[in-house]
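There are 2 protein chains.
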Amino acid sequence: MGYSVYIEDVQAAAQRLNGVVKRTAVVSSEDLNRIAGREVLLKCENLQHVGAFKFRGASNAVILLGDDADNGVCTHSSGNHAQALALAAKQRGVSAYIVMPKTAPRVKVMGVKSHGAEITFCEPNLAARESTAAGIMERTGAALIHPYDNPDVIAGQGTASMELFEQGGSLDAVIAPIGGGGLMSGTCITTRALFPNTRIFGAEPEGADDAARSLEVGELLLQTGPDTICDGLLTSMGEHTWPIIRDHLEEIFTVSDEEVIEAMRLILKHLGMVVEPSGAASLAAVLGPEFKALENIDRVGVILSGGNVDPGLVEF
Amino acid sequence: MGYSVYIEDVQAAAQRLNGVVKRTAVVSSEDLNRIAGREVLLKCENLQHVGAFKFRGASNAVILLGDDADNGVCTHSSGNHAQALALAAKQRGVSAYIVMPKTAPRVKVMGVKSHGAEITFCEPNLAARESTAAGIMERTGAALIHPYDNPDVIAGQGTASMELFEQGGSLDAVIAPIGGGGLMSGTCITTRALFPNTRIFGAEPEGADDAARSLEVGELLLQTGPDTICDGLLTSMGEHTWPIIRDHLEEIFTVSDEEVIEAMRLILKHLGMVVEPSGAASLAAVLGPEFKALENIDRVGVILSGGNVDPGLVEF
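These protein sequences, in sequence, are chains A and B. Under this note's numbering, the first residue of the first sequence is numbered 5, with each subsequent residue one higher. Under this note's numbering, the first residue of the second sequence is numbered 5, with each subsequent residue one higher.
Treat the hints as calculated values from the structure; they're not laboratory data. Computed from a prediction, not measured in an experiment: that's the story for all the values here. One thing to keep in mind: the hints can contain errors.
[As the list claims (entries may be wrong)] Below 20 Å or equal to it, Euclidean Cα-Cα: the simulated SDA-like pairs (lysine to any residue) are:
(1) K273(A) with A197(B)
(2) K26(B) with H119(A)
(3) K273(A) with K26(B)
(4) K296(A) with R42(A)
(5) K273(B) with H119(A)
(6) K273(A) with S32(B)
(7) K94(A) with D72(A)
(8) K273(B) with D72(A)
(9) K26(A) with T202(B)
(10) K26(B) with G41(A)
(11) K273(A) with L21(B)
(12) K26(B) with I39(A)
[To be verified] Cβ-Cβ distance ranges computed for the label pairs, FRET-style:
(13) G41(A) with L272(B): 29 to 39 Å
(14) T107(A) with T107(B): 39 to 49 Å
(15) D314(B) with G120(A): 28 to 38 Å
(16) G23(A) with P293(B): 52 to 62 Å
(17) L272(B) with G120(A): 19 to 29 Å
(18) G23(A) with D302(B): 17 to 27 Å
(19) L198(B) with E243(A): 54 to 64 Å
(20) G41(A) with L198(B): 22 to 32 Å
Note that CB positions come from ideal geometry on N, CA and C, so glycine has one too.
With the hints as constraints, model all of the structure from the sequences given.
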């Protein structure tokens, strides 16, 4: 079966991103281990540049564009990919054109601006975002870099779990959050190639559970009307991410917003770190009753995917 | 040679404090290891209750007072010991009377108040602090709990390094900051009893280097006119802490305020944690040229002693 990304792509991305992305810490806490009932190794992508793993995929994609990035890069995103692409473009010395819904959180708008990107605001719907981006690309010649459904982006995201294995050693299971599936599919490729026996799980908000439903029925279902504080996990999967997720995941656990907030609180209390809701979803799943009931998992790797909390949005 | 504290006291304190104090995380970062040139294990007492190791000693002392605490406890402190004693007294259900200089940082005054302690302000000098505290004790019958020169306090502080060894395994060296010497002397007792070959170091600000000077001449020198951002490391050592420090420390490294701020920045960048200046002094020492030149140290344990940064006081 053909996928869009193979382990060689992730390994090449790791080489390419050496010195570009941060090799983020893997940490643990005896208190969290006790609460989880097993050893939990947390990969701190909340400490990545721009505060999220997104910088891995964006950087890999921009570098691989080569001359095709000369006229700049473009994306539509209200979140961390926008900030990641803005920084990756700045480092490459080209323009970044970011289409953001006019409802985008101010903190993320400021983040994108701080990296010198040009922001175009549009109505908050997919049609407006795509047509606005298309107009910009036609006018500027900028290249589109999709937030997740792009093989180079997926390969870049895979480097997070590759590092996790290098730093944490052999793991019985690994879990990542699923929005569009870029991080999750990259995690699947890496894990299956390097550790064939490590079990692979996903975490999703109850209010945006398209991947869980898709996995259940075996076909790609789209997310409509998401309702969750996990603002990075709202989107549907894509044609590149879904087949990988479909074939590799043992199970996807859904978590409530309350469980996510409790996970955020525990990370702050026991590790002193601020993680955004989407970034805490994996740990929330690991602390839930269904995951706790799993047997033969002594060590689980959890990817904390981001740390950009919108001040005032979440009380925890 | 007789000391005021032995390993049995620390072991008893550890039993006594089980479930009272937090067993704080020990974390590390590959980036910090690379910068330090060796493996650095950080014991996160910045995540302890009230944000500092001080809660260990204060709790141990209050519990050991037994009935003698019925009329309350009293101390004079502008810092973390005040907050620690306030919380320990609240948990014991007795009054805490805290004498604070009227120049005490607002953030620490608020912390003490939040635990329901009664604060008496006085002029910012030792004579005023001691006479004010004496008056309160005479009036209330409260028992004095000294911030560091108290064997029960020292034994409680020793539990931090005991946990560090349990969590981090065998270490070639351990380092703690020195103010009055409570944490440092407790660390000495624990380390020497459990790991006779582990080298013991201290860290001090250049602007409050009384311990380094004392160690050099072999007698207790007092600190006058301290000048450093490390507000928890301003005091002189005492009759209980000094002999232990004198006999156990291989060397004390002094660090500049700039080195301390750089250590704070690195901890935030690579581990996402906020540590106060005094709390970062040990890491600052480990990252300095003198410590780097030490041979045969592959793994060093560093106690991050506190996390209560006064907002606006330090820009980093």
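For each hint, the structure was consulted:
Of the pairs offered as hints, the one joining K273(A) and A197(B) is violated, with about 31 Å between alpha carbons and a cut-off of 20 Å exceeded. For the proposed pair K26(B) and H119(A), the alpha carbon gap of about 40 Å is over 20 Å, so the pair is violated. Restraint check for K273(A) and K26(B): satisfied, since their Cα atoms lie roughly 10 Å apart, inside the 20 Å limit. For the hint pairing K296(A) with R42(A), the CA-to-CA distance comes to about 9 Å; that is within 20 Å, so the pair holds.
At roughly 18 Å between alpha-carbon atoms, K273(B) and H119(A) fall within 20 Å of each other, so this suggested pair holds. Proximity of K273(A) to S32(B) is assessed by CA-CA distance (about 17 Å); at most 20 Å being required, the pair is judged to hold. For the suggested pair K94(A) and D72(A), the alpha carbons sit about 15 Å apart, so the restraint of at most 20 Å is met. Of the pairs offered as hints, the one joining K273(B) and D72(A) is violated, with about 33 Å between alpha carbons and a cut-off of 20 Å exceeded.
For the suggested pair K26(A) and T202(B), the alpha carbons sit about 32 Å apart, so the restraint of at most 20 Å is broken. A hinted pair counts as satisfied when its Cα atoms are at most 20 Å apart, and K26(B) with G41(A) qualifies at roughly 18 Å. Proximity of K273(A) to L21(B) is assessed by CA-CA distance (about 19 Å); at most 20 Å being required, the pair is judged to hold. Note on K26(B) and I39(A): the hinted pairing holds, with a Cα-Cα distance of about 14 Å set against a maximum of 20 Å.
Take G41(A) and L272(B): their Cβ atoms lie about 31 Å apart, and the range 29 to 39 Å holds. The given range of 39 to 49 Å is respected by T107(A) and T107(B), whose C-beta atoms sit roughly 47 Å from each other. Between D314(B) and G120(A) the beta carbon distance is about 34 Å. The supplied range of 28 to 38 Å therefore holds. G23(A) and P293(B) have their C-beta atoms about 25 Å apart, which leaves the hinted 52 to 62 Å range violated.
With their beta carbons about 24 Å apart, L272(B) and G120(A) fall inside the hinted range of 19 to 29 Å. The supplied range of 17 to 27 Å is met by G23(A) and D302(B), whose beta-carbon atoms lie about 25 Å from each other. At about 58 Å, the beta-carbon gap between L198(B) and E243(A) stays in the expected band of 54 to 64 Å. Restraint check, G41(A) to L198(B): a C-beta distance of roughly 29 Å satisfies the suggested window 22 to 32 Å.
The structure does not agree with the numbered hints 1, 2, 8, 9 and 16 stated previously, though it agrees with the rest.
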